[in-house]
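According to the numbering used here, the stretch in the sequence shown is residues 15 to 460, in order.
Because the hints were derived from the structure by calculation, they are not lab data. Each statement offered as a hint is correct.
Restricting the straight-line Cα-Cα distance to at most 25 Å, the calculated cross-link-like pairs of lysine-lysine (BS3-like) are:
(1) 175 x 234
(2) 333 x 28
(3) 458 x 333
(4) 234 x 179
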Amino acid sequence: MMRLWEQHAGEYKKTLSLSIPVIIAQAGQITVGLIDNVMIGQLGTIPLAAASFTNTLFNLVLIFGMGYSFALTPLIGRSWGEKDHASVGSWIKNGIMANAFMGLALALLLAILYVFMPYMGQPQSVLQPSRDYLAILMVSVLPMMVFYGYKQFAEGIGDTKTAMKIMLWANVVNTVGNYLFMYGKLGAPEMGLTGAGIGTLLARIFMAIAFIILFYKNQKYQLFTKLYKQSVFCKTKFIQIVKLGIPLGGQIVMEACAFGLCAIMMGWVSEVGMAAHQIAITLSTLGFMIYQGLGSGTTIRVSHYKGANNKEGIIRATKTAMNLMYVYCAFSIILFVGARNLLPLMFTTDSTVIQLAAQMLIVCGVFQLVDGIQIILVGTLRGFADARIPVIITFISYFIVSIPFSYLSAFVWEFGAVGIWFGFPVGLLVCSALFQMRYKYILKKI
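Required output: the full structure, derived from the provided sequences and hints.
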């Protein structure tokens with residue numbers, strides 16, 4: 015490993031410098047999500063249940079919007095690698111327009127869900143606060159998508175720190191907004207769960223406005239601000255962003271739905287299984303967060319090399335990310351397997367839940383390697399602006415392989431709750447193998 019570091023020290027440093035801010039921003043989002051739940055929980059059981067129901071609906075929209083916005087990074091990154099700065103300016107303008115368009119479309123979708131919420135079989139006590147909460151979150155979608163447009167532009171030119179800083183400050187705005195409007199502090203109205211929505215809305219408006227101000231005022235963006243102003247709407251680029259963004263968003267939504275279906279199946283087994291599953295999923299998110307950060311860094315590096323038509327650079331960037339992933343993967347496996355009986359104690363003292371969660375953490379340790387491989391390869395393929403085939407691979411891996419295998423393991427082969435987790439390593443193994451084949455196929459064509 016030391017020899018590899020010495021050979022490609024510059025590539026390792028660049029990948030880490032791009033990936034670490036993404037990881038920190040993701041950690042900040044997870045932290046503020048936990049803080050939100052704690053603060054809402056203090057309002058009582060009904061507000062917490064209402065928030066859970068609303069977030070189940072909203073998070074799928076949020077995840078899709080985030081994935082959709084990823085389209086801009088490789089397109090800008092390729093132009094940046096080609097040193098075609100005028101094209102970067104055009105991509106920014108059309109990317110912001112495409113994101114705003116999708117933000118309005120997603121808000122409309124949420125409005126339709128809002129209308130149909132009374133027919134979703136929820137208790138009346140939960141329904142009204144859920145609708146009030148969703149109404150506020152609905153308004154936050156547009157500023158959120160505008161922010162993601164600027165964020166993905168910045169990442170496309172290799173700047174991940176600006177978005178990280180804005181997101182961390184937005185977490186502060188969110189928490190302060192919650193405190194003021196949920197509990198009626200410092201003269202603000204006491205709005206309960208709706209106040210939590212206000213806090214989220216204020217944070218997302220802050221994110222969009224902060225990045226817009228920085229885009230126009232920050233010296234490092236001066237060239238792109240000028241080119242942005244000179245650019246005009248381009249139908250071809252707008253459609254290209256939409257066509258790339260929709261499968262990217264769909265890919266992430268499919269992953270979320272697959273894990274959601276496993277959670278539903280866990281409910282068919284027992285309450286203990288559901289509790290253990292929640293613990294294991296929460297802990298595995300920590301590993302996913304690191305891999306996702308490395309994957310984002312890989313996308314940026316690969317898109318730059320693709321623009322420069324540097325095949326060796328693409329291979330080097332992918333191998334570098336893989337090597338970094340291997341190091342963290344080894345740590346994760348040791349942690350999840352070695353401390354499997356200790357980690358669940360952070361969440362519960364129920365010995366039955368701890369024992370089952372420990373078994374799931376062993377499975378979690380098993381699939382760390384293939385999970386890391388597939389995330390890095392997704393990052394590379396995204397750097398190629400390749401989305402249609404990966405979304406098909408994702409569908410096959412999760413819905414044709416993983417979920418059926420989970421069902422068979424749990425209910426036919428009678429492994430119970432832990433059997434549902436057996437589908438994860440199998441599906442991820444298929445996923446990583448197919449992504450590897452796709453990567454090699456594209457590489458041969460360069």
